[in-house]
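Asker: Protein chains in written order, with numbering that gives the first Met the number 0: chain G, 0 to 84; chain L, 0 to 203.
Simulated from the structure, these hints should not be mistaken for lab results.
Only a predicted model underlies this, so the values are computations on that prediction, with no experimental measurement involved.
Hints may be right or wrong, so weigh each one.
To be verified - Residues from chain G that face chain L, not an exhaustive set, calculated with beta carbons under 8 Å: (1) Asp19; (2) Asp28; (3) Glu45; (4) Ile67.
Unchecked claim - Listed below are the simulated SDA-like cross-link pairs for lysine to any residue, each with C-alpha atoms no more than 20 Å apart in a straight line: (5) Lys45(L) <-> Asp39(G); (6) Lys53(L) <-> Ile12(G); (7) Lys52(G) <-> Thr108(L); (8) Lys50(L) <-> Asp39(G); (9) Lys53(L) <-> Asn122(L).
By construction, the Cβ of each residue, glycine as well, lies at the ideal position given by its N, Cα and C atoms.
Listed here are the chains, written in short residue letters.
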Amino acid sequence: MEALKEELKSKIIEQLNLEDVSVDEIADDDPLFGDGLGLDSIDALELIVMLDKDYGIKLADPKEGKKIFESVGTMADYITQHKTK
Amino acid sequence: MMEKEYFISSYCHIRNNTISLNGTTLYQEQHPDFKSLAKSAYRYFKTDYSKFFKMDNLSKLGFLAADILLKNEGILPENEENIAIVLSNRASSLDTDRKHWESIRNPDTYYPSPAIFVYTLPNICIGEISIRHKLYSENSFFIFDEFNPSHLFSYANGLLDMQKAEKVLCGWVDFDGPDYEAFLYLVNKKGAIEHSIEEITRLF
Numbered sequence: 000m001e002a003l004k005e006e007l008k009s010k011i012i013e014q015l016n017l018e019d020v021s022v023d024e025i026a027d028d029d030p031l032f033g034d035g036l037g038l039d040s041i042d043a044l045e046l047i048v049m050l051d052k053d054y055g056i057k058l059a060d061p062k063e064g065k066k067i068f069e070s071v072g073t074m075a076d077y078i079t080q081h082k083t084k
Numbered sequence: 000m001m002e003k004e005y006f007i008s009s010y011c012h013i014r015n016n017t018i019s020l021n022g023t024t025l026y027q028e029q030h031p032d033f034k035s036l037a038k039s040a041y042r043y044f045k046t047d048y049s050k051f052f053k054m055d056n057l058s059k060l061g062f063l064a065a066d067i068l069l070k071n072e073g074i075l076p077e078n079e080e081n082i083a084i085v086l087s088n089r090a091s092s093l094d095t096d097r098k099h100w101e102s103i104r105n106p107d108t109y110y111p112s113p114a115i116f117v118y119t120l121p122n123i124c125i126g127e128i129s130i131r132h133k134l135y136s137e138n139s140f141f142i143f144d145e146f147n148p149s150h151l152f153s154y155a156n157g158l159l160d161m162q163k164a165e166k167v168l169c170g171w172v173d174f175d176g177p178d179y180e181a182f183l184y185l186v187n188k189k190g191a192i193e194h195s196i197e198e199i200t201r202l203f
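In isolation and in its complexed conformation, chain L is listed as follows (with noise of 0.2 Å):
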């Protein structure tokens, strides 16, 4: 049986200041921190969504990709899709678990917040977006040493083939500190650029 052949149609950058889709820069300003960035570029990309300021900052980041990126293909949070959400990333939710961690360390002051809590599972980054798009569809975190191509490619390419999904949005969602890098795509079964392991690691 012949292998189908599947497309990347959009991609979309967070990182250093910066938002790209497709290669081209659409926003780009100094911020002291994400949290600042992430503000800024959702007022910027006139987002709407006011439960956006409860997300940790892993969520943040993802939504950000994830809307632009939809947007862009012209997929609206109004209706319906079959879209499949396979993410990856090295730090898990750590940036998460440390600020869960200082509020449970010390007998004396042991308030846990139940709002930092819920998120200390890297997978409530596609939670978030599922709501946001309502996708009631197949999903996946994978925590790698780096980023790993070929594992994302054949992931999806097994979702599209076993019909599981219509479209994939895929990439790396990596929070730690003060680093952060989005890198998301969307696995079509049109579009310019051929969904292969060596697109991928050139995109990313």
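In isolation and in its complexed conformation, chain G is listed as follows (with noise of 0.2 Å):
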């Protein structure tokens, strides 16, 4: 699970071009959006996309997406749990 979820800091900062964000400044429980990493509508996108081509999760309904984007550490709990590949 740490695994996971420092490979999810590592993918967040690419895929998402965090320039000033290094991986040990995201907290496990850190909001990925508002006031944590400002996150934005095309950001949360690329975490679906992401889910889908990495863990072979899709979500069928993107209502899920807000619970399970919270934080990194939500995001590791549920891939966890649901990822195919």
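Two chains, each in its own frame: build the complex with the hints.
Answerer: Right, dumping it as structure tokens:
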């Protein structure tokens, strides 16, 4: 689980072009949206694509994303339970 | 009725690893590609706008040139201004279109990136400048085979004559493969250079 969280932090930084953020600056429970990392709606779509592409998870209901993408920790929990690759 | 006279109050070039303002080189450094140049110039000019790194190459190019030029004019992002934007280029958004195409060409790896897709129009570059500088103004992006000063001249004059804008940020922002070039200029009611086709051509 810890390895997955580190992997997610690296992917988020790289794929969302968070130039001034490093892996150790993201806490597992930091909010990804709003006051946390300040991600926007396009970033949310990128995260949905990432779940599909890298972990074989297709979100049937986009509303689910709100809970799944609360933090790196909630993402890691969801991926661990639902990944197909 | 006598025609009103307008002026070019500032102009900015970005090309060949060099950024200049009003003919004076502000930044020059060898970089392997535009991405590297843009990142370095962003820091050099203390741009302080984290969304910059999410932009595509065309938007970064136009955004940097506009930011440097408007800062020189004392136009701050905090204040609302009635500045129209009229840009043009040859390659449209081809650089980003190619990236999008790469992500969808193979049905087995069909994962289009939303962050790339949103830049598959050249006028998104205008949107990025407008968001940064709070411009809710007239804007247009034209595609030409080559730089077309007479069209930009008459379009900018029309906007000012009809009082659609107080100033017009005009120019050429082109990005295609390894080639990039930005030339932006501000058409104003006062300034040192006459706004004419000849002067636009000379500055370009």
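Asker: Indicate, hint by hint, whether the structure satisfies it.
Answerer: Verification of the supplied hints:
About 6 Å separates the beta-carbon of Asp19(G) from the nearest beta-carbon of chain L, less than 8 Å, and the hint is met. The interface hint given for Asp28(G) is violated, since its Cβ lies 22 Å from the closest Cβ of chain L, which is over the 8 Å cut-off. Because the beta carbon of Glu45(G) sits about 5 Å from the nearest beta carbon in chain L, less than 8 Å, this interface hint is met. For the restraint placing Ile67(G) at the interface with chain L, the shortest Cβ-Cβ distance is roughly 17 Å, beyond the 8 Å limit, so the hint is violated.
With a CA separation close to 23 Å, the supplied pair Lys45(L) and Asp39(G) exceeds the 20 Å bound. Of the supplied pair hints, the one linking Lys53(L) and Ile12(G) holds, its CA atoms being roughly 11 Å apart against a limit of 20 Å. A C-alpha spacing of about 8 Å is found between Lys52(G) and Thr108(L), which places the hinted pair at or below 20 Å, so the restraint holds. Between the alpha carbons of Lys50(L) and Asp39(G) the distance comes to roughly 10 Å, so the proposed pair stays at or under 20 Å and holds.
Distance check on the hinted pair: Lys53(L) and Asn122(L) sit about 16 Å apart at the alpha-carbon level, within 20 Å; holds.
Taken one by one, the earlier hints fail for this structure at numbers 2, 4 and 5, listed in ascending order.
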